[in-house]
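Asks: From just these sequences and the hints, can you work out the full model?
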Amino acid sequence: MYYTLKNLSPTQQIGALFVIVFGFLLLASVTVFALSVRDHEDEAYGERLRKNLKSVDGVIRTSWVMMLIFWIGWVTGDWVALTLFGLVSFFALREFLTLSPTRRGDHRSLVLAFFVVLPLQYWLIGSGHFDMFAVFIPVYAFLALPLASALANDPLRFLERNAKLQWGIMVCIYGMSHVPALLLLKFPGYDNQNAFMVFFLVLVVQTCMVTQHLASRKLQRPPVAPAISQSFNWPSWWLGIAAGSLLGALLAGITPWVPGTAFAFSFIACVAGSMGHLVMKALKRDRGIPSWGAHVKSVTGTGGLLDRIDALCFAAPVFFHSAKWYFDL
Amino acid sequence: MLLRGLRVCIITGMLAKFMGWFLLGLVRVLTGSQARWHGCPPKAEQRIYFANHQSHADLVMIWAALPPELRSVTRAIAARDYWTQSPFKQWLTTEVFNVIYVSRDRTADEDPLEPLLAALANGDSIILFPEGTRGHAEEPQAFKAGLYNLAAKFPGAVLVPAWINNVQHVLPKGEVVPVPVLCSVTFGAPIQLEDGEDRATFLKRAREAVMALREV
Numbered sequence: 001m002y003y004t005l006k007n008l009s010p011t012q013q014i015g016a017l018f019v020i021v022f023g024f025l026l027l028a029s030v031t032v033f034a035l036s037v038r039d040h041e042d043e044a045y046g047e048r049l050r051k052n053l054k055s056v057d058g059v060i061r062t063s064w065v066m067m068l069i070f071w072i073g074w075v076t077g078d079w080v081a082l083t084l085f086g087l088v089s090f091f092a093l094r095e096f097l098t099l100s101p102t103r104r105g106d107h108r109s110l111v112l113a114f115f116v117v118l119p120l121q122y123w124l125i126g127s128g129h130f131d132m133f134a135v136f137i138p139v140y141a142f143l144a145l146p147l148a149s150a151l152a153n154d155p156l157r158f159l160e161r162n163a164k165l166q167w168g169i170m171v172c173i174y175g176m177s178h179v180p181a182l183l184l185l186k187f188p189g190y191d192n193q194n195a196f197m198v199f200f201l202v203l204v205v206q207t208c209m210v211t212q213h214l215a216s217r218k219l220q221r222p223p224v225a226p227a228i229s230q231s232f233n234w235p236s237w238w239l240g241i242a243a244g245s246l247l248g249a250l251l252a253g254i255t256p257w258v259p260g261t262a263f264a265f266s267f268i269a270c271v272a273g274s275m276g277h278l279v280m281k282a283l284k285r286d287r288g289i290p291s292w293g294a295h296v297k298s299v300t301g302t303g304g305l306l307d308r309i310d311a312l313c314f315a316a317p318v319f320f321h322s323a324k325w326y327f328d329l
Numbered sequence: 001m002l003l004r005g006l007r008v009c010i011i012t013g014m015l016a017k018f019m020g021w022f023l024l025g026l027v028r029v030l031t032g033s034q035a036r037w038h039g040c041p042p043k044a045e046q047r048i049y050f051a052n053h054q055s056h057a058d059l060v061m062i063w064a065a066l067p068p069e070l071r072s073v074t075r076a077i078a079a080r081d082y083w084t085q086s087p088f089k090q091w092l093t094t095e096v097f098n099v100i101y102v103s104r105d106r107t108a109d110e111d112p113l114e115p116l117l118a119a120l121a122n123g124d125s126i127i128l129f130p131e132g133t134r135g136h137a138e139e140p141q142a143f144k145a146g147l148y149n150l151a152a153k154f155p156g157a158v159l160v161p162a163w164i165n166n167v168q169h170v171l172p173k174g175e176v177v178p179v180p181v182l183c184s185v186t187f188g189a190p191i192q193l194e195d196g197e198d199r200a201t202f203l204k205r206a207r208e209a210v211m212a213l214r215e216v
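Those protein sequences? They're chains A and B, same order as listed. Quick note: the first sequence, position 295, residue 295 per the numbering used here, numbers continuous. Quick note: the second sequence, position 64, residue 64 per the numbering used here, numbers continuous.
Some hints could be false.
Unchecked claim - To give an idea of the chain A side of the interface with chain B (calculated C-beta under 7 Å), a few residues:
(1) Arg94
(2) Leu110
(3) Val111
What the hints assert, rightly or not - The calculated label-pair distances, taken between Cβ atoms and stated as ranges, are:
(4) B:Pro87 / A:Leu151: 30 to 36 Å
(5) A:Asn153 / B:Gly13: 43 to 49 Å
(6) A:Arg61 / B:Lys17: 30 to 36 Å
(7) A:Ile72 / B:Lys17: 27 to 33 Å
(8) A:Val65 / B:Asp111: 52 to 58 Å
Derived from the structure by calculation, the hints contain no laboratory data. Here the structure is a predicted model, which is why all the values come from computation and not from measurement. Cβ atoms here follow ideal geometry from the backbone N, Cα and C, with glycine treated the same way.
Replies: Written as structure tokens, this is what we have:
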């Protein structure tokens, strides 16, 4: 099996990978559905189980959407993938800024953020200006945006407003844009297989988050920072990190690395991702909301896009830059 | 000649349709345009929707929040002096939105509500911004008498309050480029003009019905 896969061309390998992952997702969806319609003797127990299943179902749905995006991106080429990730950035930033009380004076800087900074960042990646794309936002955008706000002549809560806008840009644009940037990183002897790197990162981080989520439900340990998160505790955090890193080591075959290196980089990505998720939870508590997304609880009760992708937004830049630095690419 | 006229007619009609779709798409991408039918379901009955007014985007927002089949029979009110200033504004308001113009400057010999009454008599539903102009405070300004007069003359029309949330951040007065912010339109439970209720009390109650939707 392993050798058959190894002997395929990179394109065939990626194709096979998608078939396998979609198969797993299908299996997971069917299992969750079957469990949710099963009858239980004990009504209360069944109710609790169904509630748990619902949150698992949410995670599976996110995975479906993510995999579909990757698949479309892979089938249609780099620019389409970049556009898709750009749209994700756009909608995430929209959610983030809806909950930050901006004032009229911020209008120009918001226009700049959405319609100048965001497209430029993705264009820099697409055209391979790696040195520029790493510093474009922290150096140039963070100088221009407060200037636009200052020119609007409104000093009220100036630092707070600008800090929020910059945070939103950092997480939603800068962080997210590092995921497709992996597509263009040139590892020696690893041509046309960069879609694997994106897949690798997303799968590892997502596995870490799901494991941590499930473990914290099962273990019921006292939370480390109950005012921020009721579910975050160290044992389940370690379990999540371990699961993500081990999966990374197992998947070393699809990366340009040996298992040890793959383990180390997965570890870095998982730590950054899960910590980032906790930071985003703190931001949500600050705004007094359970999840991003619609300001008022929506009819469907779904959370926001940002709840699902925040770990990735923190993991991607750390993963990207540590790999770039270590291998001197 | 006739054929050419017909063709021009079809083309302009299609342009208006495309503009409508374009604006709908734009408002969805920018705001999510979430409709929350809190106090009543969307329904094909004669209604007067009245809402707070903070931005030009309000009109498109509330229009986008309605189901497509109600859009063609629900007409918004727009100020004649502003919306007929340029040919484009006039085209947008007549061909795309099919609004009802009202004059803000009073002349003694005409009733400013005349066009509204005609539309209501015609069976259309209307969208009214009773503040009369766009406000930029947190709370809506005092409501003008038009709503009361319409309610008194057309007791059959259902009065539905609506709160448009966040739109002032999308396009503040005086700006041209909109920014993306999630917005929602909340429709509340219908109110009625009580027997013998005077104008000031009714308008105050209507304004409170709109403001109450902020919290739900």
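Asks: Does each hint hold? Answer for all of them.
Replies: Now for the hints, and whether the structure bears them out:
With a cut of 7 Å, the hint placing Arg94 (chain A) at the interface with chain B holds, because the nearest CB-to-CB distance is about 4 Å. Contact between Leu110 (chain A) and chain B, as hinted, is supported at the beta carbon level, the nearest pair being about 4 Å apart and thus within 7 Å. Proximity of Val111 (chain A) to chain B holds as hinted, the smallest CB-CB distance being about 5 Å (cut-off 7 Å). Pro87 (chain B) and Leu151 (chain A) have their C-beta atoms about 33 Å apart, which keeps the hinted 30 to 36 Å range intact.
The hinted window of 43 to 49 Å between Asn153 (chain A) and Gly13 (chain B) holds, with their beta carbons roughly 45 Å apart. For the pair Arg61 (chain A) and Lys17 (chain B), the supplied restraint of 30 to 36 Å holds, since their beta-carbon distance comes to about 35 Å. Between Ile72 (chain A) and Lys17 (chain B) the C-beta distance comes to about 29 Å, which sits within the given range of 27 to 33 Å. Judged by the Cβ atoms, the range 52 to 58 Å given for Val65 (chain A) and Asp111 (chain B) holds: they are separated by roughly 55 Å.
Every hint from the earlier list agrees with this structure, and none is contradicted.
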